[in-house]
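Q: Letter by letter, the chains look like this.
There are 2 protein chains.
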Amino acid sequence: MVRPLRIGVAGLGTVGGGVLRLLAANGERIAQRTGRPLVVTAVCARDPSKDRGVDTSGLRWHGRAVDLVADPEVDVVCELIGGADGLALDLARTSLGAGKPLVTANKALLAIHGAELAALADRAGVPLAFEAAVAGGIPIVKSLREGLAANRVARVYGILNGTCNYILTQMRETGRDFTAVLGEAQALGYAEADPSFDIDGIDTAHKLALLAALAFGGRPRFDAIHVEGIRHVTALDIQFAAELGYRIKLLGLARMTELGLEQRVHPCMVPNAAPIAAVEGVFNGVVVDGDFVDSVVHEGRGAGAGPTASAVVADLIDIARGSRVPAFGVPATALADHRIAPIASHLGCYYIRLLVVDRPGVLADVSAVLRDHRVSIEALIQRGRNPDQPVPIVLTTHETVEAQMTGALARIAALDAVLEPPRMIRIEKL
Amino acid sequence: MVRPLRIGVAGLGTVGGGVLRLLAANGERIAQRTGRPLVVTAVCARDPSKDRGVDTSGLRWHGRAVDLVADPEVDVVCELIGGADGLALDLARTSLGAGKPLVTANKALLAIHGAELAALADRAGVPLAFEAAVAGGIPIVKSLREGLAANRVARVYGILNGTCNYILTQMRETGRDFTAVLGEAQALGYAEADPSFDIDGIDTAHKLALLAALAFGGRPRFDAIHVEGIRHVTALDIQFAAELGYRIKLLGLARMTELGLEQRVHPCMVPNAAPIAAVEGVFNGVVVDGDFVDSVVHEGRGAGAGPTASAVVADLIDIARGSRVPAFGVPATALADHRIAPIASHLGCYYIRLLVVDRPGVLADVSAVLRDHRVSIEALIQRGRNPDQPVPIVLTTHETVEAQMTGALARIAALDAVLEPPRMIRIEKL
Numbered sequence: 001m002v003r004p005l006r007i008g009v010a011g012l013g014t015v016g017g018g019v020l021r022l023l024a025a026n027g028e029r030i031a032q033r034t035g036r037p038l039v040v041t042a043v044c045a046r047d048p049s050k051d052r053g054v055d056t057s058g059l060r061w062h063g064r065a066v067d068l069v070a071d072p073e074v075d076v077v078c079e080l081i082g083g084a085d086g087l088a089l090d091l092a093r094t095s096l097g098a099g100k101p102l103v104t105a106n107k108a109l110l111a112i113h114g115a116e117l118a119a120l121a122d123r124a125g126v127p128l129a130f131e132a133a134v135a136g137g138i139p140i141v142k143s144l145r146e147g148l149a150a151n152r153v154a155r156v157y158g159i160l161n162g163t164c165n166y167i168l169t170q171m172r173e174t175g176r177d178f179t180a181v182l183g184e185a186q187a188l189g190y191a192e193a194d195p196s197f198d199i200d201g202i203d204t205a206h207k208l209a210l211l212a213a214l215a216f217g218g219r220p221r222f223d224a225i226h227v228e229g230i231r232h233v234t235a236l237d238i239q240f241a242a243e244l245g246y247r248i249k250l251l252g253l254a255r256m257t258e259l260g261l262e263q264r265v266h267p268c269m270v271p272n273a274a275p276i277a278a279v280e281g282v283f284n285g286v287v288v289d290g291d292f293v294d295s296v297v298h299e300g301r302g303a304g305a306g307p308t309a310s311a312v313v314a315d316l317i318d319i320a321r322g323s324r325v326p327a328f329g330v331p332a333t334a335l336a337d338h339r340i341a342p343i344a345s346h347l348g349c350y351y352i353r354l355l356v357v358d359r360p361g362v363l364a365d366v367s368a369v370l371r372d373h374r375v376s377i378e379a380l381i382q383r384g385r386n387p388d389q390p391v392p393i394v395l396t397t398h399e400t401v402e403a404q405m406t407g408a409l410a411r412i413a414a415l416d417a418v419l420e421p422p423r424m425i426r427i428e429k430l
Numbered sequence: 431m432v433r434p435l436r437i438g439v440a441g442l443g444t445v446g447g448g449v450l451r452l453l454a455a456n457g458e459r460i461a462q463r464t465g466r467p468l469v470v471t472a473v474c475a476r477d478p479s480k481d482r483g484v485d486t487s488g489l490r491w492h493g494r495a496v497d498l499v500a501d502p503e504v505d506v507v508c509e510l511i512g513g514a515d516g517l518a519l520d521l522a523r524t525s526l527g528a529g530k531p532l533v534t535a536n537k538a539l540l541a542i543h544g545a546e547l548a549a550l551a552d553r554a555g556v557p558l559a560f561e562a563a564v565a566g567g568i569p570i571v572k573s574l575r576e577g578l579a580a581n582r583v584a585r586v587y588g589i590l591n592g593t594c595n596y597i598l599t600q601m602r603e604t605g606r607d608f609t610a611v612l613g614e615a616q617a618l619g620y621a622e623a624d625p626s627f628d629i630d631g632i633d634t635a636h637k638l639a640l641l642a643a644l645a646f647g648g649r650p651r652f653d654a655i656h657v658e659g660i661r662h663v664t665a666l667d668i669q670f671a672a673e674l675g676y677r678i679k680l681l682g683l684a685r686m687t688e689l690g691l692e693q694r695v696h697p698c699m700v701p702n703a704a705p706i707a708a709v710e711g712v713f714n715g716v717v718v719d720g721d722f723v724d725s726v727v728h729e730g731r732g733a734g735a736g737p738t739a740s741a742v743v744a745d746l747i748d749i750a751r752g753s754r755v756p757a758f759g760v761p762a763t764a765l766a767d768h769r770i771a772p773i774a775s776h777l778g779c780y781y782i783r784l785l786v787v788d789r790p791g792v793l794a795d796v797s798a799v800l801r802d803h804r805v806s807i808e809a810l811i812q813r814g815r816n817p818d819q820p821v822p823i824v825l826t827t828h829e830t831v832e833a834q835m836t837g838a839l840a841r842i843a844a845l846d847a848v849l850e851p852p853r854m855i856r857i858e859k860l
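Those sequence lines, one after another, are chains A and B. If you read the first sequence in this note's numbering, its first letter stands for residue 1, the second for the next number, and so on. If you read the second sequence in this note's numbering, its first letter stands for residue 431, the second for the next number, and so on.
This is chain A alone, in the form it adopts within the complex:
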């Protein structure tokens, strides 16, 4: 055995603790695989005395994360602090600037500062690795950057947030509404006390920015992602979706179109038979459509100490083995600045749910507006009769440009007989 790879870990929360436990459990096996032991030599965490389920007595403790970089007994820095800026950004810049490889699980950091950090890494000739930042234990970063690197990717999409998928799955299985299921998820620890980061789609968007950068060889553009969360998905929508042969999933989706890179995060109706529809509960799934490979589906746990630690240590093993693949699969200087396709130009099918007064002529008015905006109806469900009372109308459309759809919906919303803002959910043909 040769010189060990000495690791400095910043942040000993769920993930950091998991990394220490993984290396304690599987270190010997990993050393055999890698031909080189992986040893945590130094850490930085708030409370040295906390029990992390693993012996931390022999470690060098630093009060400031950046001091890990200067530590001569640290060859590679693991940033497991979190946050798009502040300590995490300082540590990443310092580490790469000093020529020390960086492994991070921090999607927010990379979604926003990814291009800058990739350039720093390339300049220093050291790896910047982030398998744990997207879809936890699923080795999707490696798949896109290496395994599928021979393909021109047409589209990449996935269920990237376990909290949202758990809520949507529970809603479908129990018929309950969003608020009730969210409350239960919070009680069970599946959702945060302040859940907006997850349920408003921000977390999914961070991950999508990284997937898109890897798939299309461009700078991560978190700022250019159209983001909608799942707060407005109702039990009624889920019920209608089932009736129409769909499930509702929060997808992050990026595809290259004639108008540029389209990146969007929003609830989607996906066909029941699509592999992504079968990804349920807290699981994540990612599908890559490549020109030669066709569709490749990956599914696994998206979060948790074990899966995330598995991903962090996979990156460390790569570094120990001397791997030198650029962070986003192309040299940072070659990262494209793709034209961004605006959401208004999105071409797709739509599910629309209206609450209208049940009286003659309403459907004619709605149909006329849709015709004026060149929106073609594919199916329409109006169930039950309840004269002069509110009834839901559901319709699905053929392919329509989003700007036409939103124009039509604004006019429909203004109709007298329409009692609440129309609900629109995009349908994705997968």
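No wet-lab data here; the hints were simulated from the structure. Computed from a prediction, not measured in an experiment: that's the story for all the values here. Certain hints may be false.
For lysine to aspartate or glutamate, the following EDC-like pairs were computed, each having C-alpha atoms within a straight-line distance of at most 20 Å [stated by the list, open to error]: (1) A:K429 to A:E228; (2) A:K429 to B:E710; (3) B:K859 to A:E280; (4) A:K429 to A:D291; (5) A:K100 to A:D71; (6) B:K530 to B:D485.
Please arrange chain B on chain A, whose structure you already have, making use of the hints.
A: Here is chain B on its own, set in the frame of chain A:
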């Protein structure tokens, strides 16, 4: 741009032609990703004049595959000839012996000579890469060798043969019997004129030997795999499976047990809700159960020019990027020689179908035999009454040691009222 990676391709059949077309289509993009162009400089194929959908006029043609190794304009050899011995083995030995990296799609070659070739590669310090040998476009070799390398793998299993999965899917969807569906598959070109390599499980076993070697860091042991094909699966079994909540799939499965490495290829009843049950038609799927990552599912096309070329070129990109991971994820000298668990010691649940004469006492006789062999019945289906005529009886068992099961079946087969050999299909709890 630096010096190109110069590739010599032996064999321009489906896969070889696909590699040439892929590099023609995506070469520029790949050069940008890799920082180094990938260029096919030389080939060896029977018929230089054949149209392969790509310009081959500038290539150096060799009459003998091994001459690619001596060609000074070849940096890496692609073995796409096929076959476990003969030309392919000669080429692999010569290339690695001469210190030229080898990329191959040849599962038979590696399942049998993998340990020897890995040792040659290590000795020369050059890569031996075979992503295309298992599950076509799915980057499962990379997942096991790198992405999931931090885990102790408990089990790896998959649907590894598209022909068998197509036949079983068709049988389930149409209710027709094996022979009819096989004939149709042959007419459509989904099955070979001599289909035994696929339907008798040999192809799956070759791939399983490689997956097990990667997952458990051992020498590939094709010779130690228990192999059964799908010839004996009937429409009736598929119908009973559906009734019991299962689908029948041909799985290759390897797991580490207290008695050693268990490797088996046979038709399995898998629960409807298991992700692998949803892998249908010609698709392949592979599931890895790791101690930290839990279950990771991969699904995609298992064969065809495009997916296989995608895998071959991914290996070439790795080599161009300077990757140096040992063939089976551990140095060849450290490949374990695992104890092999005999199939007789397999512990699992079973589906048994009998054809018996419908008369009093038959069930009592069958039950007594099972009791004597300590086989505990979980469920029993006896449908319809037809005194003194043949009727099927189906039963499923609780966990049973295979030796007990086969002992019981031998005695049951000998009962007067039992009209044909009992059919047994293992049930896999996934």
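Q: Does each hint hold? Answer for all of them.
A: Against the structure, the hints:
1. A:K429 to A:E228: holds (19 Å)
2. A:K429 to B:E710: Status holds; Cα separation ~19 Å.
3. B:K859 to A:E280: OK: K859 of chain B and E280 of chain A at ~19 Å, within 20 Å.
4. A:K429 to A:D291: holds (17 Å)
5. A:K100 to A:D71: holds (11 Å)
6. B:K530 to B:D485: Given that 20 Å is the threshold and the Cα spacing comes to 26 Å, the pair is violated.
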